[in-house]
Each structure stands twice: as structure tokens, then as C-alpha cells.
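Colleague: Take the sequences, apply the hints, and build the full model.
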Amino acid sequence: MNEDIGLVFYESKYDEDLVKFELESAQEQFTAYPQEILQTLVDIERHYILIVQKQKVVGYFVLHENNGPLEIGSHNKALLIRALAVSKNEQGKGHALSAMKMLPDFTKNHFKNIEELVLVVNHANIPAQNLYKKSGFSDTGIRRNGKHGLQFIYNNILIF
1 MNEDIGLVFY ESKYDEDLVK FELESAQEQF TAYPQEILQT LVDIERHYIL
51 IVQKQKVVGY FVLHENNGPL EIGSHNKALL IRALAVSKNE QGKGHALSAM
101 KMLPDFTKNH FKNIEELVLV VNHANIPAQN LYKKSGFSDT GIRRNGKHGL
151 QFIYNNILIF
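The numbering of the sequence shown is UniProt numbering, which starts it at 1 and goes up by one.
Just to be clear, a hint being listed does not mean it is correct.
Claimed, not checked - What follows is a list of derived Cβ distance ranges for each label pair:
no.	residue 1	residue 2	range
1	N66	E11	30 to 36 Å
2	V19	H75	34 to 40 Å
3	A124	K77	14 to 20 Å
4	D139	E45	37 to 43 Å
5	D139	E11	33 to 39 Å
6	V19	R143	34 to 40 Å
7	N66	G146	27 to 33 Å
8	K54	T140	22 to 28 Å
Stated by the list, open to error - In silico DSS-like pairs for lysine-lysine, Cα to Cα no more than 27 Å straight-line:
no.	residue 1	residue 2
9	K13	K134
10	K54	K20
11	K112	K20
12	K54	K77
13	K88	K56
14	K133	K88
15	K101	K112
16	K112	K147
17	K108	K93
18	K101	K88
19	K54	K88
20	K147	K56
21	K93	K54
22	K56	K134
23	K56	K93
24	K77	K13
25	K147	K133
26	K112	K93
27	K93	K133
28	K133	K13
29	K77	K133
30	K108	K13
31	K88	K134
32	K54	K108
33	K77	K20
34	K56	K108
35	K93	K20
36	K147	K108
37	K54	K147
It is worth saying that the hints were derived from the structure and are not from the lab.
Please read all numbers here as calculations on a predicted model, not as lab measurements.
Note that the Cβ used here is the ideal one computed from N, Cα and C, for glycine as well.
Modeller: Here it is as C-alpha cells:
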């Protein structure tokens, strides 16, 4: 695991890094750019989490509570992970894997009532499926249709 990596809640001091954020073109269909996510910050159920290395943003994702997990048939003691992305220049360095492995402890420290992490991954996004499996997520066997085809629902039951 990359020890230089940390998870922090969004703060405006990171805006400069977020404005410069670039995605691989193949990933654009599966996630959102930071500017799009920042527009959702008015929703108090969504928490913008930054993956930082030495105070520089290398990635991000959203933790959506309450209605987020309910949208995919989960429950109110779950968090839905949305829009995980790592900057184009930081890909392949293990940042996303480190972040997902840190997430259970981060959740325990900041979301006391949460018992499960859930996410939706596109059937065509094999690298993401492998990442989630390596970081402790399991395929629930539940499928749904999304705007880019079949989607799989994964979960990680938190045991503390």
C-alpha cells in the first residue's frame, strides 16, 4: 500500500489541483470530472473525498449516504461510492488501491453508523472490477442496466 497516500474531505485549498485534473479518455465514460462533482456539493448527503499525496490531489471519489445507497437497493447504513478517479499522470501507481484499502478505517472514523460500502461498476470496466476485488469488495451478483450498459453492484461489509 502506498504510505504517502491519504484521504481527506474536500476543502477549497485543493481547487487549483482539481481544475488541472485530467482523466484518461477511456475513463471519461465511467466517471465524472471534479468540476461536475463540485456542483453536487450542495447535496448534504454527498461527501467529496480527495486522494492526496504530499498535499497534492491525485484522485477523488464521492461518498453518498442515505438516498444514494437506496437508489441501488441497499440500505441506510451503507455508503455508495461514486465517481472514483485517479489523475491521468498518476495512474498505475497504486493510488486507487491504497485509497480503497484505507476507506473502511476512514469510514469508521467519520461515519459511525455505516456498516457497508457499496458501488456500481460497469461490466466493461474490467480494471475497476479488479481494483475493487483486490481492495476487499465482493460482487453481490446483483445487476442493473445503466447508461453505458450492464452494471454490477459490489459491496464491502464493514466489520469493526
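Colleague: Each hint should be assessed against the structure and marked as holding or not.
Modeller: Here's how the hints hold up against the structure:
1. N66 <-> E11: 30 to 36 Å: 23 Å, violated
2. V19 <-> H75: 34 to 40 Å: Once the Cβ atoms are compared, 36 Å apart, the range 34 to 40 Å for H75 and V19 holds.
3. A124 <-> K77: 14 to 20 Å: Roughly 30 Å apart at Cβ, these two residues miss the hinted range, so it is violated.
4. D139 <-> E45: 37 to 43 Å: 25 Å, violated
5. D139 <-> E11: 33 to 39 Å: 34 Å, holds
6. V19 <-> R143: 34 to 40 Å: Holds: the Cβ-Cβ distance is about 36 Å, inside 34 to 40 Å.
7. N66 <-> G146: 27 to 33 Å: Given range 27 to 33 Å: violated, Cβ gap about 21 Å.
8. K54 <-> T140: 22 to 28 Å: 36 Å, violated
9. K13 <-> K134: 32 Å, violated
10. K54 <-> K20: 17 Å, holds
11. K112 <-> K20: 33 Å, violated
12. K54 <-> K77: 32 Å, violated
13. K88 <-> K56: 14 Å, holds
14. K133 <-> K88: 22 Å, holds
15. K101 <-> K112: 18 Å, holds
16. K112 <-> K147: 33 Å, violated
17. K108 <-> K93: 26 Å, holds
18. K101 <-> K88: 21 Å, holds
19. K54 <-> K88: 17 Å, holds
20. K147 <-> K56: 32 Å, violated
21. K93 <-> K54: Given pair K93, K54 holds - Cα atoms ~14 Å apart, limit 27 Å.
22. K56 <-> K134: 25 Å, holds
23. K56 <-> K93: Answer holds: K56 to K93 is near 15 Å, not above 27 Å.
24. K77 <-> K13: Distance ~31 Å between K77 and K13 Cα, so the pair is violated.
25. K147 <-> K133: 23 Å, holds
26. K112 <-> K93: Not OK: K112 and K93 at ~30 Å, beyond 27 Å, violated.
27. K93 <-> K133: Roughly 17 Å separates the two Cα atoms, so the pair holds.
28. K133 <-> K13: With a Cα-Cα distance of about 33 Å, the restraint between K133 and K13 is violated, given a limit of 27 Å.
29. K77 <-> K133: At roughly 21 Å apart (the allowed maximum being 27 Å), K133 and K77 satisfy the hint.
30. K108 <-> K13: Holds, because 25 Å separates the two Cα atoms, which is no more than 27 Å.
31. K88 <-> K134: Holds - the C-alpha atoms of K134 and K88 are around 21 Å apart, at most 27 Å.
32. K54 <-> K108: At roughly 23 Å apart (the allowed maximum being 27 Å), K108 and K54 satisfy the hint.
33. K77 <-> K20: With Cα atoms ~35 Å apart, K77 and K20 exceed 27 Å; violated.
34. K56 <-> K108: Between K56 and K108 the Cα gap is close to 24 Å, so the pair holds against 27 Å.
35. K93 <-> K20: 19 Å, holds
36. K147 <-> K108: With a Cα-Cα distance of about 32 Å, the restraint between K147 and K108 is violated, given a limit of 27 Å.
37. K54 <-> K147: The hint is violated at about 36 Å.
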